[in-house]
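**Student:** Each chain, written out:
2 protein chains.
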Amino acid sequence: MNTHKIQFHPYQKKITVQDGANLIRAALEAGVHINASCGGEGVCGKCRVIIEKGKVAGGISEKLSRQDIDEGVRQACKATVKSDLVVRVPVESDIDSSILNLQSTPRKTARIQEMNLDELKEKGLFVPPVEKIYLELPQPSVQDNLPDITRLISSLKLNHDEHRLVVDLSVIRKIPEVLRKNAFKVTATLARPVREVGGQTRIINVQPGDTTDRNYAVAMDVGTTTLYGQLIDLKTGIALAQYGQFNGQISYGEDVISRIIYAEKPNGLEKLHQVVIESINKIIKKIIQRSKIDPDEISTITLAGNTTMTQLLLKINPNSIRRSPYVPAATLYPPIKASELGIALGDHVAALVYPAVSSYVGGDIVAGVMGSGMYRTEELTLFMDIGTNAEIVIGNKDWLACAACSAGPAFEGGGITFGMRATKGAIEDFSIDPHTLEPMNITIGNVTPKGICGSGLIIIVATLFELGVINHAGKFNRDLNTQRIRQTEGIWEYVLAWKNETQIQRDVVLTEPDIDNLIRAKGALYSGCMTMLEAVGLRIQDVDRIFLAGGFGSYVDLEKAITIGLLPEIDTDKVVFIGNGSLMGAKMSSLTNRIRKDVVEVTKKMTNFELSETPSYMDNYVAALFLPHTDLEHFPKLKSRLDALKHTV
Amino acid sequence: MNTHKIQFHPYQKKITVQDGANLIRAALEAGVHINASCGGEGVCGKCRVIIEKGKVAGGISEKLSRQDIDEGVRQACKATVKSDLVVRVPVESDIDSSILNLQSTPRKTARIQEMNLDELKEKGLFVPPVEKIYLELPQPSVQDNLPDITRLISSLKLNHDEHRLVVDLSVIRKIPEVLRKNAFKVTATLARPVREVGGQTRIINVQPGDTTDRNYAVAMDVGTTTLYGQLIDLKTGIALAQYGQFNGQISYGEDVISRIIYAEKPNGLEKLHQVVIESINKIIKKIIQRSKIDPDEISTITLAGNTTMTQLLLKINPNSIRRSPYVPAATLYPPIKASELGIALGDHVAALVYPAVSSYVGGDIVAGVMGSGMYRTEELTLFMDIGTNAEIVIGNKDWLACAACSAGPAFEGGGITFGMRATKGAIEDFSIDPHTLEPMNITIGNVTPKGICGSGLIIIVATLFELGVINHAGKFNRDLNTQRIRQTEGIWEYVLAWKNETQIQRDVVLTEPDIDNLIRAKGALYSGCMTMLEAVGLRIQDVDRIFLAGGFGSYVDLEKAITIGLLPEIDTDKVVFIGNGSLMGAKMSSLTNRIRKDVVEVTKKMTNFELSETPSYMDNYVAALFLPHTDLEHFPKLKSRLDALKHTV
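Chains A and B supply the protein sequences, listed in that same order.
Heads up: the first sequence begins at 92 in my numbering, then just goes up one per residue.
Heads up: the second sequence begins at 92 in my numbering, then just goes up one per residue.
Wrong hints could be hidden among the right ones.
If chains are identical, the list can't say which one is meant, so a pair holds when it fits in one copy or spans any two.
Once the Cα atoms are required to be at most 20 angstroms apart in a straight line, the calculated SDA-like pairs of lysine to any residue come out as [claimed, not checked]:
#, residue 1, residue 2
1, LYS406, LYS428
2, LYS737, GLN333
3, LYS272, ASN572
4, LYS96, ASP175
5, LYS199, THR107
6, LYS695, ARG255
7, LYS566, GLU345
8, LYS104, ILE352
9, LYS695, PRO231
10, LYS696, ASP235
11, LYS688, LEU256
12, LYS695, HIS254
13, LYS326, ASP635
Since the hints were derived computationally from the structure, they do not count as laboratory data.
The structure presented is a predicted model; accordingly, all values stated were derived computationally and were not measured.
Just chain A, same shape as in the assembly:
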């Protein structure tokens, strides 16, 4: 695809974008503010820009006069870039361009790291937990009338050096017909043991003929809110299809605690179990359709979820998880037939479920640790999984400490007046005119705003803080001359969008209690890291690398996250987004059997911190209840940037 260069005046900012990029998003990415209230739907008409050079498509509506159009005026939110451009952004007064350039850093999201299949292959670790072997057995005669299974096992021993074999009853049930269907030429599916030495290989399936080139796995992240499944070709290691689906349990409670409470009702556990299995089956159906494979050729499924999701999946009553001293029923789960759980896969398929560490550091986090590879590197890594719950792991190949943070759901929009999930109509990007304090709202789907998603919230609060609209303690500057900052029923708020510019016929606002909630959430995460680091005698500056996991992480503007003190101040290049760590780990388990042995060691190695029971945690937490932190010395670069801004404004 072509790329185009855009130069914004009077800002001295440039950016290179793909052909067809949206102009207002390009501006925001370049750190250029353009007033825009309607989220990008084109109804407020505020985002007028003048195309001084080059060509855009669209951007013309009844909001513009003939003369406007002739002069090159376009609505940035509706214009797409078709060539190199010079764009002039009208500013409402003559302001120093230094202000313009300081007011926003270019948006920077984390580098995305995916699983390295080639590395696995190079290291000889691409050994899936299920393998198919094709056999041509001698046909029985009166002189050689071994039982069918014995015939199969003899050939595996003799010709393939397979030993310590055990057989599933389902295989015994199938084998007479399968052998006789294709002249005793069969493919046996072998499930490898966790322990290479002393473990038993299980014959889980037999099929007529040679099916060795059709062998698939399902990897699944069982999230509190959303489930994601992947269909993986075990011949190549490649994911053929992926699908996400809300967890059907949402109707019974948004978070794990309310699910646990529901599970305590009569038949509640059965219901929640059944509902999550239905969600899993929907995903399996979808990824089978999309990849166009024969479902009978799926040999294994690996699932990862937090401890509550795992217990509900396995129909284990989770009630002791939510009560001190927070004891899960188990953290290691035996392999179980997928069909026994109600999962719509063949009788031969064992469901492997990721082990957990504790009640609040579950298999999803362990899967992330495995998938990211942090457990086998030297670098001191901080792993943060921010979802409906937030968990932290710190460590490297020598030690690992983990904790769940009572961060609350602010990062997913929970507890925020106009908070919402990252779906259509959520303000996900934001800028502000430092002079007029008029906003630039960009919503998901470029529609009029409905609310604010988690990554949007971080950007809004950080931006307002950088310009002094809110202070260190998260309070609005009461002296600013704008209608957008006001007090409603005693609560101070900033109006992001007036009601006629929204989908909901109400002013969309950010309130001081919202900011408090965000500060508490980021404070919990940050102080969790601090507490664990102190416990092992390290400082936050020693962190070599940050892995962000969870859907949230891919949209977070890293500089803004540092600005509010959600992330420690490190080189943003060291922040890596691994996406869905749980799914990544589940996939990894499908590709390399080695990890199944390692994972038990890793869970044993992971020291769990019950932060609420750790005395220093409260001190760290209180210190983190500021923007970015009580102690700005932890954020030297931010400090100097804020100082510079202060002098300019």
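Put chain B on the given structure of chain A with help from the hints.
**Tutor:** Just chain B now, kept in the frame of chain A:
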């Protein structure tokens, strides 16, 4: 109980019986003939005897005149012995008492051997495959919030030296509630591995409080015709209850071949599987009721059956069993959850299924070999299990050979004109007046005859042969002067009971084709033994011991069985009846885990002979198609007895 001595005149025979014994049965047991057609119901009035001394109860009916009664005449079939007696049997002519004494040997059945629990205990082998351990676990705190399962396992490791533990999902599901029900005082049920070294012990159940004194097992013989179950107390080793029940599959075919054919129909396999499970569940319900135990305290079930019954039980299609080269799907079966098979026992109960040797030497025979202990003694043992099918095992602790005989169902009354199962109305004992050829029929239940059961058939044929009524080839002596031997539609027969003396308003007869069928059946068994012995270079005379298994065996008159050549001529004291060998083996497995390791070795050691494919078998078979055999030198004692009889008669 009191015993009484009876002296029979003019026979010079005595017998000691229990107080209350039936007089006609006492006579027959002593080898004394008394005419009797009606089976012992008292309607034919033929069995008149004179009580010369002593006291009987009953034996008086309208068949006797006042004078008869005053003279001490009684109907033997209705009289019970109440003191020492001198009894005179009227004989229709003056015959030499030597004839009387030669005409019948006293009935002798095999010594019964039961399992020796004390020996097991003495040898330290009373180690059931499931064990309960009571634990008082430390209660969790914030400082010690191990998962419930980890807490349990730690205690088992630390305080009971249990290692290599694995856990069932069902235990994880139960443990949170169970631990908290009784202050973390629990009983864990452990299932032991087959291999003592390297095997994994499985935690299959947890229960609140101390339940170690309540631990039970079910042992079950899954027969083609009948199922027998025992409920065993694993604390003491004692069977608390036993119950038998027809196999519900009988409606779908009498023998294994017809069951296999039914299983080939659409849904046939599912149906037969379901029906046998229903029969099993009925038995379990009954033995639970009878023993008054809590069904949740049953920890294990062991089942033994022939290969077809086992495959139907496990829902494995048996169709290749009935077709050459007679290949079963498997002969070793993995442990499987009883509940998965539909067996109405707790989720934690594993069903252990006895392994087989081949398509026609199944787990029932292996169980018999294990239960009888023949696999661990020096003596050369011949094991015969005679049921709907007949199987032979020959060998000792060093070697074992086995075969199934196509004996047909004659021993169970099959293929015999008036053949029937050993139920009420079946002639089970018989004698004949050597002079008049009038019969003495004794039926099961002392009612008028309906037919002939297997053991009765052997006695009838042997008795007729001894007296020359039928010859070496099984043909009636056409020259005898009696209405009872006649030709009907070209077939020669002996009338056992005239129709007015029967329940069925038809003459009950024994035909030459019936005798042929019996000869073929016993010939198949005998020649099977011969063929196997020849293959290992031994003679029938080398046999030290015969074990008879199967319900049939307990009633067989051993001398008569030798007379027809069913058994080789050995000291009858060496013949031991072990009853239901399959059930005995299943019980043994419930009591000693050691046997589960041994059994796999034993099945590997058992050399299977496909007799129909062994050339010498046909020669041996043809030679055995005589009474007792072509070569009377195999039966020296019988030969001299027959010679003596010939001279006398």
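**Student:** Against each hint, give a clear statement of whether it holds in the structure.
**Tutor:** Taking the hints in turn, this is what the structure says about them:
For a Cα distance limit of 20 angstroms, the shortest separation of LYS406 from LYS428 qualifies both inside one copy, at 14 angstroms, and across copies, at 18 angstroms. With identical chains, the CA atoms of LYS737 and GLN333 are never at most 20 angstroms apart, being 48 angstroms at best within one copy and 93 angstroms at best between copies. In this assembly of identical chains, LYS272 and ASN572 lie within 20 angstroms of each other by CA distance neither inside one copy nor across copies; the values are 85 angstroms within and 65 angstroms between. In this assembly of identical chains, the alpha carbons of LYS96 and ASP175 lie at most 20 angstroms apart only when taken from the same copy (5 angstroms versus 127 angstroms across copies).
Taking the shortest Cα distances, LYS199 and THR107 sit within 20 angstroms of each other inside one copy (14 angstroms), while across copies they are farther apart (108 angstroms). Only between protomers do LYS695 and ARG255 lie at most 20 angstroms apart by alpha-carbon distance; the minimum there is 16 angstroms, versus 27 angstroms within a single protomer. Taking the shortest alpha-carbon separations for LYS566 and GLU345, neither the intra-copy value of 29 angstroms nor the inter-copy value of 89 angstroms comes in at or below 20 angstroms. In this homomeric assembly, LYS104 and ILE352 never come within 20 angstroms of each other (Cα to Cα): the closest approach is 53 angstroms inside a single copy and 85 angstroms across copies.
With identical chains, the CA atoms of LYS695 and PRO231 are at most 20 angstroms apart between copies only, with a shortest distance of 19 angstroms across copies and 50 angstroms within one. Proximity of LYS696 to ASP235 under the C-alpha cut-off of 20 angstroms is restricted to the inter-copy arrangement: shortest distance 16 angstroms between copies versus 52 angstroms within a copy. In this assembly of identical chains, the alpha carbons of LYS688 and LEU256 lie at most 20 angstroms apart whether taken from the same copy (19 angstroms) or from different copies (16 angstroms). For the identical chains of this complex, LYS695 and HIS254 are inter-copy neighbours only, at 17 angstroms across copies versus 30 angstroms inside a copy, given an alpha-carbon limit of 20 angstroms.
Taking identical chains as interchangeable, the C-alpha atoms of LYS326 and ASP635 are never at most 20 angstroms apart, the minima being 36 angstroms within one chain and 61 angstroms between chains.
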